[in-house]
Amino acid sequence: MSETTDTIGAYAAAFERFETSLNGGADTALHGKRREAISRLVQDGLPTARFEAWRHTNPASMTRACFVPVAEPGHLTASSIEAFLIAGTSAVLVFADGRFVPELSRRETLPEGLRVSNLATVTDVEEPALMAALGAHTLGENSGFSALNTAFIHDAAVIAIDSGCTVDEPVQILHVRTSQPGLTAPRTLVVAESDSRVSIVETFVGMASGAGSLTASVAEIVVGRASVVEHTRIHLHGAEGHHAGTVHVAEEEDARYTGHSFGLAGRFVREDVHTVLNGERIESTLNGLSLPLGGDHVDNYTTIEHTAASCRSHELYKGVVGGRAHSVFRGKILVHQAAQKTDAYQSNQNLLMSDDAEIDSKPQLEIYADDVKCSHGSTTGQLDPDALFYLRARGLGLRQAQRVLTRAFAGELVDRLHHEGLHQHVDALVSDRLDAVLADPDHGDSL
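Going by the numbering used here, the first residue of the sequence shown is number 0, and it counts up by one from there.
Keep in mind that the hints were calculated from the coordinates and are not lab data.
Since the model is a prediction, treat every value here as computed from it, not as a measurement.
Don't be surprised by glycine CBs; every beta carbon is placed ideally from N, CA and C.
Keep in mind that the hints are not guaranteed to be accurate.
Using C-beta positions, here's what the derived DEER-type ranges look like [as the list claims (entries may be wrong)]:
hint : residue 1 : residue 2 : range
1    : L395      : H422      : 33 to 43 Å
2    : Q381      : R106      : 45 to 55 Å
3    : R280      : G380      : 30 to 40 Å
4    : S374      : S178      : 20 to 30 Å
Within a straight-line C-alpha distance of at most 16 Å, the following computed EDC-like cross-link-like pairs (lysine to aspartate or glutamate) qualify [what the hints assert, rightly or not]:
hint : residue 1 : residue 2
5    : K361      : E15
6    : K372      : E282
7    : K32       : D154
8    : K340      : D426
9    : K340      : E365
10   : K340      : E411
11   : K340      : D370
12   : K32       : E15
13   : K340      : E279
14   : K331      : D355
15   : K340      : D414
16   : K331      : D342
17   : K32       : E51
18   : K32       : E126
19   : K372      : D342
20   : K331      : E51
21   : K340      : D369
22   : K331      : E365
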């Protein structure tokens, strides 16, 4: 038997133990979805380096052994999460190892039309619709990690926005992996009904190194007709943290979705983002910034799928890669035959900060319509020596000059965050991480 086959068998056994611990919870609609997911996992398995979608990322460190699901959540305090909270939010949901922590969450003054809850406490009236939405958009994903998440889901963050509702301040979801080793399965479901507007921020935090741990996350975002959803993801995993995340976005006509991804810490981080434009006049934007260092590995795999006419998509992912880190970007724009008048642009830009850093970039266009305007590009290089010389001639040291240029390079994506509290929070995190990249022992001062 292969290592992955052994691993799947161990997960199947872990599921049986998990199932017996649920008592009456084994008869719920949620558990029905868990059973479907474990069956799919057993049938399809976990990805290997032989999969085309994983060509530049060997998932063996996440698949060669079973990460036993965390049985009991670790303890959190208000002081332990304070540094990760964003100023000026409308609500905060806190989860520890996939379990909701009500005493650290904040939902007191929600605007009318916004419902912020965890799946375990939704009302009987809401449950059928939410259960129908949960998992509806992840069945076709190209890895088994979304099935792994669903099989071992304990709870989920649920954000529902009524038709016509505008939420001015972001809703933050804080997913904390405590010092407990094993598997955690954070889940988020956002349903924005027609003509609504909301901003969601998901922060993934590792409170310890993350050795012996795997976070398998799934976010499903439903953007109703003429709605606007902004979705920011901040990755702050521990130095040894492993994360496999799936984001699936379904947009209806005249909708707008903007996704921001900031990969700021973690030994091995893979994020699959799939947006489907299901109607006309939709706009979809994906922004990403990765700052790996040391021996980190980060992989962004994106798909923007145009199925209808007169839609626009824009994608910009950047990387500042230091030490012996490896950054991977694979992005595909898929334009179906019915998607005439599509306007799509994709760009991946990278800075190599050491001789040992590695970057693989593969932007792709797959077009079946003839009346479209689509383009893509990829650039990888070092800091401009003329710009460095100019700054140093004006009195800056080498490290100061490098800092100015890397901050300007990364700042383009930070500046796309328009909420003041969120912008300040991410800007400080990015600044600290860039300092760490420049201070990496493997950083080349000659660059």
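Going through the hints against the structure:
1. L395 <-> H422: 33 to 43 Å: Roughly 25 Å apart at Cβ, these two residues miss the hinted range, so it is violated.
2. Q381 <-> R106: 45 to 55 Å: Once the Cβ atoms are compared, 47 Å apart, the range 45 to 55 Å for R106 and Q381 holds.
3. R280 <-> G380: 30 to 40 Å: Holds - the Cβ-Cβ distance for R280 and G380, about 37 Å, lies within 30 to 40 Å.
4. S374 <-> S178: 20 to 30 Å: violated (46 Å)
5. K361 <-> E15: violated (40 Å)
6. K372 <-> E282: holds (14 Å)
7. K32 <-> D154: Distance of about 13 Å is within 16 Å: holds.
8. K340 <-> D426: violated (36 Å)
9. K340 <-> E365: holds (15 Å)
10. K340 <-> E411: violated (28 Å)
11. K340 <-> D370: Holds, at roughly 5 Å.
12. K32 <-> E15: Distance of about 15 Å is within 16 Å: holds.
13. K340 <-> E279: Roughly 10 Å separates the two Cα atoms, so the pair holds.
14. K331 <-> D355: Distance ~27 Å between K331 and D355 Cα, so the pair is violated.
15. K340 <-> D414: Given that 16 Å is the threshold and the Cα spacing comes to 29 Å, the pair is violated.
16. K331 <-> D342: Within the cut-off at roughly 14 Å; holds.
17. K32 <-> E51: violated (28 Å)
18. K32 <-> E126: With a Cα-Cα distance of about 14 Å, the restraint between K32 and E126 holds, given a limit of 16 Å.
19. K372 <-> D342: holds (5 Å)
20. K331 <-> E51: Holds. K331 to E51 sits at ~13 Å (cutoff 16 Å).
21. K340 <-> D369: Distance ~9 Å between K340 and D369 Cα, so the pair holds.
22. K331 <-> E365: holds (7 Å)
Going through the hint list in order, the structure does not satisfy hints 1, 4, 5, 8, 10, 14, 15 and 17.
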